[in-house]
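In order, the protein sequence lines correspond to chains A and B.
Heads up: the first sequence begins at 359 in this note's numbering, then just goes up one per residue.
Heads up: the second sequence begins at 1156 in this note's numbering, then just goes up one per residue.
No lab work stands behind these hints, which were simulated from the structure alone.
If a hint is listed, it holds; no wrong ones were tucked in.
Okay, derived cross-link-like pairs now, DSS-like style, lysine-lysine, Cα gap no bigger than 30 angstroms in a straight line:
1) A/K372 to A/K487
2) B/K1386 to B/K1373
3) A/K587 to B/K1278
4) B/K1478 to B/K1250
5) A/K587 to B/K1311
6) B/K1386 to A/K530
7) B/K1213 to A/K662
8) B/K1373 to A/K530
9) B/K1321 to A/K662
10) B/K1548 to B/K1478
11) B/K1366 to A/K662
12) B/K1501 to A/K530
13) B/K1311 to A/K530
14) B/K1321 to A/K659
15) A/K530 to B/K1366
16) B/K1213 to B/K1321
The primary structure of each chain is shown beneath.
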Amino acid sequence: MQIILDQFKATVAKAYAQKTPLRIGGGGTKHFYGNAVPQTHVLLDTRPYHGIVAYEPTELVITARAGTQLADVQALLDRHGQMLAFEPPFFGESATLGGCIAAGLSGPRRAAAGAVRDFVLGVRLLSGKAEDLSFGGQVMKNVAGYDVSRLMAGAMGTLGLLLEISLKVLPKPPVELTLRMAMDQASAIEAMNRWAGRPLPISATCFTDGMLTIRLSGAESAVEAAHAKLGGEELDDGAAFWQSIREQTHDFFQSPQPLWRLAVKSVYAPMSLPGNALIEWQGGLRWLSCDDPEAVERIRKSAKEAGGHATLFRRNGLAAAAFHPLDDGMMRIHRALKEKFDPAGILNPGRLYPEF
Amino acid sequence: MSVHKLVNRLRAFLPVEAVLYEPEDLRPYECDGLSAYRQMPLVVALPRTEEQIVSILKLCYETQTPVVARGAGTGLSGGALPHAQGVLLSLGKMKQIIAIDPLARTARVQPGVRNLAISEAAKPYGLYYAPDPSSQIACSIGGNVAENSGGVHCLKYGLTVHNIMKLRVLTIAGALLEIGGESLDSAGFDLLALMTGSEGMLGIVTEVTVKLIPIPEKAQLVMAAFDDVQKAGNAVANVIGAGIIPAGMEMMDKITIHAVEEFLHAGYDLNAEAILLCESDGAAEEVADEIARIHAIMQQSGAINISTSQTEAERLSFWAGRKAAFPAAGRVSPDYYCMDGTIPRKHLADVLQGIEHLSRQYGLRCMNVFHAGDGNLHPLILYDANQPGELEKTEEFGGKILEMCIRAGGTITGEHGVGMEKINQMCTQFGTGELEMFHAVKAAFDPQGLLNPGKAVPTLHRCAELGAMHVHRGEEKFADLPRF
Ligand SMILES: Cc1cc2nc3c(=O)[nH]c(=O)nc-3n(C[C@H](O)[C@H](O)[C@H](O)COP(=O)(O)OP(=O)(O)OC[C@H]3O[C@@H](n4cnc5c(N)ncnc54)[C@H](O)[C@@H]3O)c2cc1C
Ligand SMILES: Cc1cc2nc3c(=O)[nH]c(=O)nc-3n(C[C@H](O)[C@H](O)[C@H](O)COP(=O)(O)OP(=O)(O)OC[C@H]3O[C@@H](n4cnc5c(N)ncnc54)[C@H](O)[C@@H]3O)c2cc1C
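Build the full structure now, drawing on both the sequences and the hints.
Shown next as structure tokens:
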């Protein structure tokens, strides 16, 4: 692995010296996501730098190289009855751990368990000057220095080439049960929030097409007790349903229209936007499939009014920026940080925002 | 700038009583919870509104005056230690709970609000704010954000960083940043994570939106005594290995057990080398199951004495001893010094042995309380500040403990922050590249270095002078040689 590491360093050092941009690629599973980078940029393939560095189930920590296949990480955890609690979407078999962290996407369990960034404990990375740096560590609690590790989650590879990542892992719940009940959208939003405020073991929620689907996870006794309280009809293959939501293979996501991802205040009323909606995360995540090219500004504005932001998740032909614009003050900080981590602007430039 | 000029300019927008400069008025602000470090500020400013803070910061920015933020001053690393030429910005008057949204399960509060006050206000809705530092009756949410504070329940419920959604932050130039959102994520870099634990170095937090979670239906506690620390450590690993994430998992060593038992009579087993407190919470059915499993695991792990709380009063009395560890230290010794390292749990027995060895070497007693679930160790070194040289010896002893934590693959601070106190050990934990990057991050927010100068990140010059050896990722030359 040292040889590969040396190659990475040489590639980044050369790019830095010559100011020639790189595009960091893992499994290529999420290249639809974020702003496109020109194919002319040199591809740095992270996959050769792979492998589990350390895993001790009773410490609840796994450390792996960024090019490790996400599926391998998950299979190893699974054998020990543990999981990545943020339930990351793969979007393809070849997804890498580095891509998972860099893209910062979390799945159905997010509202109950936390996001990618919540589980990042430490990273080792190459800066845009090819410096080999380590932040955070392999322990649960660590406040020495600024939390640079979590900053990498969702930065789309613009702040550093991730080499190794340490994550907190959790035991898998012994029992999961999926329930379904017919409801209109406004009632579903209200119900998801009301239940989230009660001590119930709800680990995922999804509303679409007049149907609210809920997953309960935990000890058998707790799941049964919650089922009795909530009612609803038991879904036979709950796991397959949640996988179809996480991986976006569910019918809702098959539309050829642009797909928007609106993260909003969970209690916000049904949004009056054109197109079809699917709601997750106790109301906090709203997918919108909408082909109106005139609606871009309206969607962004509505998301902001609803306390959040809108991402053009799958472009499907629509030419617009992927991420919600930042205000001037925030953009200034973003550019200043980018300047520090990657002074020559060679790491995935434009992938997150055209400005850097 | 002269005190006189500064006071006059501050009084242009602050009422008379909000600007302190007489020595007797400044005195209460000369230290935080780490009273070994003291420094009088030039001036204390006590704003009541965000607008006033903007004016203070703009003035300080214009006049290049250092600014140190202070919440409740309970910090244990000298983070709120004033600057001799600076303004101490106390957020203590900003105590308003602005709004609670029970359906969305959030509370929007000013930075000076006490941690516990949030949970008290949320209680009527069946909700609470999860991170519960032992100082929760006093410490402020702004200070919690600045230190990324944790509590005894954070293995299951997370630290401050996991339980906040949005911050209003003012830069030193007085510009407002809205970081995070009412949604579960926000566009761009995760600045919410970067701000959390940044020790007042990057900006002033003027408002915090926290997450509230439902109060568990039931909580129950198992107390297990062990005749051997290693066995207690193994018991912790066995509980987690069985797929249980306890709501709390605390350990106390023998000297702590004796100190608190003498003081509180909580019914702790005085023959024990270590006591574990392991809590389960959730739905009643779930707790009953989990407690039975925990009990069995403690037995299999060789506990010599196990009790399970049968009533809420009993649960609280078991906890009382742990919560009284600090005051108990204060009773058995004129002074105590609280350390805060984190280690991978598997090294617990070795590290405790190392501490015992150091304790003998320095001739100073040391009590150990331990957030066992997440490996966060709080050695309390007992000393007497009136004995010449004893504080220095204590600090050296403490420094050695932290270096041992780094060698074990851990960190010099789990939750109390670096502040002024652990600045030297930062040179051991990090290399030049990382330290440079920390300075760069600071400069992205505060290029002139006016916010809390000299704290949290050592200058490279200081590290060079110290000659501290950076321990690279837990590896070290001659790692097999004993260093205790
Ligand atoms: C087969 C293939 C086809 C491509 N086609 C196109 C195309 O048509 N148009 C186009 O614009 N681009 C294309 N790209 C480039 C693409 O935009 C990025 O290289 C791609 O997003 C890389 O992420 P991924 O999906 O391969 O990895 P993922 O593993 O899914 O990564 C997702 C994100 O994480 C970043 N990332 C991954 N690993 C690391 C790491 N170790 N450190 C830091 N950041 C990391 C990636 O750069 C990306 O931003 C292609 C890349 C590949 C490999
Ligand atoms: C008996 C005792 C028990 C403790 N137990 C725990 C525990 O269990 N867990 C734990 O994590 N800690 C614990 N602590 C440490 C301390 O209580 C925490 O660090 C707490 O978060 C500090 O809050 P404070 O309001 O007192 O902050 P202060 O001490 O006033 O300040 C701490 C730091 O925060 C900065 N700061 C304060 N307010 C702001 C703001 N609004 N904006 C920007 N920066 C700001 C200051 O500049 C300083 O660097 C304990 C302390 C004591 C004395």
